[in-house]
Amino acid sequence: MLKFPIYFDNQATTPVDPRVLEAMLPYFTERFGNAASRNHRYGWEAEEAVEAARKQVADLIGANPKEIVFTSGATESDNLAIKGAVYMYREKGDHVITALTEHKAVIDTCKRLEKEGFRVTYLPVKPDGLVDLDALRDAITAKTVLITIMAANNEIGVLQPVAEIGAMAKERGVLFHTDAVQAAGKVPFDVNACNAHLASISAHKMYGPKGVGALYVRRRQPRVLLSPIIDGGGHERGMRSGTLNVPGIVGFGKAAELCRLEMAQESARIRALRDRLNAKLHAGLDELHVNGSMEHRLPGNLNISFAYVEGESLLMGINDVAVSSGSACTSASLEPSYVLKALGTGDDLAHSSIRFGLGRFNTEDEVDYVAGKVVAVVRKLREMSPLYEMAKDGVDLAKMEWREH
Amino acid sequence: MAYSDKVVDHFNNPRNVGSLPKQDPTVGTGLVGAPECGDVMKLQVRVNPETGVIDEAKFKTFGCGSAIASSSLATEWLKGKTVDEALTIKNTDIVAELSLPPVKVHCSVLAEDAIKAAIADYQQKQQAGPSS
Numbered sequence: 001m002l003k004f005p006i007y008f009d010n011q012a013t014t015p016v017d018p019r020v021l022e023a024m025l026p027y028f029t030e031r032f033g034n035a036a037s038r039n040h041r042y043g044w045e046a047e048e049a050v051e052a053a054r055k056q057v058a059d060l061i062g063a064n065p066k067e068i069v070f071t072s073g074a075t076e077s078d079n080l081a082i083k084g085a086v087y088m089y090r091e092k093g094d095h096v097i098t099a100l101t102e103h104k105a106v107i108d109t110c111k112r113l114e115k116e117g118f119r120v121t122y123l124p125v126k127p128d129g130l131v132d133l134d135a136l137r138d139a140i141t142a143k144t145v146l147i148t149i150m151a152a153n154n155e156i157g158v159l160q161p162v163a164e165i166g167a168m169a170k171e172r173g174v175l176f177h178t179d180a181v182q183a184a185g186k187v188p189f190d191v192n193a194c195n196a197h198l199a200s201i202s203a204h205k206m207y208g209p210k211g212v213g214a215l216y217v218r219r220r221q222p223r224v225l226l227s228p229i230i231d232g233g234g235h236e237r238g239m240r241s242g243t244l245n246v247p248g249i250v251g252f253g254k255a256a257e258l259c260r261l262e263m264a265q266e267s268a269r270i271r272a273l274r275d276r277l278n279a280k281l282h283a284g285l286d287e288l289h290v291n292g293s294m295e296h297r298l299p300g301n302l303n304i305s306f307a308y309v310e311g312e313s314l315l316m317g318i319n320d321v322a323v324s325s326g327s328a329c330t331s332a333s334l335e336p337s338y339v340l341k342a343l344g345t346g347d348d349l350a351h352s353s354i355r356f357g358l359g360r361f362n363t364e365d366e367v368d369y370v371a372g373k374v375v376a377v378v379r380k381l382r383e384m385s386p387l388y389e390m391a392k393d394g395v396d397l398a399k400m401e402w403r404e405h
Numbered sequence: 001m002a003y004s005d006k007v008v009d010h011f012n013n014p015r016n017v018g019s020l021p022k023q024d025p026t027v028g029t030g031l032v033g034a035p036e037c038g039d040v041m042k043l044q045v046r047v048n049p050e051t052g053v054i055d056e057a058k059f060k061t062f063g064c065g066s067a068i069a070s071s072s073l074a075t076e077w078l079k080g081k082t083v084d085e086a087l088t089i090k091n092t093d094i095v096a097e098l099s100l101p102p103v104k105v106h107c108s109v110l111a112e113d114a115i116k117a118a119i120a121d122y123q124q125k126q127q128a129g130p131s132s
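For the record, the sequence lines run as chains U and R. Under the working numbering, the first residue of the first sequence is numbered 1, with each subsequent residue one higher. Under the working numbering, the first residue of the second sequence is numbered 1, with each subsequent residue one higher.
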């Protein structure tokens, strides 16, 4: 039995795994203590639970538990990593390198730094979405303090060469932060293998609760210091003040543990589902464009442009399926996805893109239903599309003079 | 985003999807919008030269559900109207009929533009064409 709407938006968020919820529940009620309370059992229990979770999270990414700083989520982690590092190391330099396809939590943080007088290089990406390592090498100067490049992209699922980037950063004595929100728990991600100094992760992308994330902060070779962005009681070794979200952190720990133990099996299963979806769509439709590298990609991500069909109308036609579109019409901004634009995808194809995000709880029956539905709706909308008709009549749409409104 | 029932109805059961022969002197074609903006509308009318009444209207639209609904509604309204009456259709009428939210008002503007462009094309053909 299919349950509608079918959830294929696992890069936006994931449902809490029932095993995670079970681990969390006691920490709302009988074990409600403040982890910073040192004088009674309530506090000790909470602290013990937080430290156990800290180890579970650290184990997922090959870190030491002391290198994990709990935050409210990945946006805060990105802000703390980037601002905290450049403020701390301001005397060393004023230059930051990032990429055009980064998450807004990174891009907008960098934009704020520019207003404060820092210089930021936004690296272009290759048509497959990967950062050009030569361009990165050329961008590093004596004044570069930080490179921040994500491990996996949230829209197109492309995996950046973080090992090579980390090695380059190490060689040039530059800090390397990676937003590993989409990668951690889905593909092997190890802070030592990629020489990361800072890494952001989030619980709700790995079947944990919303409102809790972590920042990995390297302690050895070298010890990385951060200037805190929230002042207060000095929690998390002074780097992030604020009472710890104990039930959230417990859930995060359990979620991280499950991902670590089940990753190999789970990623193979999800990849097979994703490939099945891709194959079925290609079998049923022509003029599909997969956005981003298929080779270096999260197992659960498929981002496709359905030429001549506008994304929002496609979403409306498949309204019993929960997916995302790169079309401007779905968001407040008038511009279509900046990530797809950075790949060199034309605005027309960017408007036609859909992100399918498969996850732990999706099934083969769901894939078959979604594929069938998408094929049928795209065919119907193409019958309704003047662009499809013109293309079939041999009109070169790129050379048309359009009457914009 | 929640769509009004009328938008959903036009989207699921679009009226008058299709094309009329572009070269026909009694047919006017309007093509407005641009793919990079996310919406393109093609709207066509066939005018009875005897009566000046639009007896057929067709559309094809690349765009969001509201753009499809706006053009579908426009074709419904055009049928049976004279050319002059057709030119009185305002985008605000479409907004009201379909209960379009402010972010979708541009869809109705595009539909009005498409009507005007189709009629202008028809009138141009009439003036240029061989007089009967």
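Some clues are possibly wrong.
Unchecked claim - Only pairs whose alpha carbons sit at most 30 Å apart, straight line, appear in this in silico DSS-like list of lysine-lysine:
no., chain 1, residue 1, chain 2, residue 2
1, U, K380, R, K6
2, R, K79, U, K380
3, U, K66, U, K115
4, U, K280, U, K66
In case anyone wonders, no lab produced these hints; they're calculated from the structure. All values reported here derive from a predicted model rather than from experimental measurement.
Given the hinted pair K380 (chain U) and K6 (chain R), is their Cα-Cα distance within 30 Å?
19 Å, holds
Could you grab the alpha-carbon distance between K79 (chain R) and K380 (chain U) and see if it respects the 30 Å cut-off?
Satisfied, since the Cα-Cα distance of roughly 24 Å is no more than 30 Å.
Below or equal to 30 Å on CA atoms is what counts here, so check K66 (chain U) against K115 (chain U).
Between K66 (chain U) and K115 (chain U) the Cα gap is close to 33 Å, so the pair fails against 30 Å, i.e. violated.
K280 (chain U) and K66 (chain U): Cα distance at most 30 Å?
With Cα atoms ~47 Å apart, K280 (chain U) and K66 (chain U) exceed 30 Å; violated.
Hints 3 and 4 from the list above are not met by this structure, while the remaining hints are.
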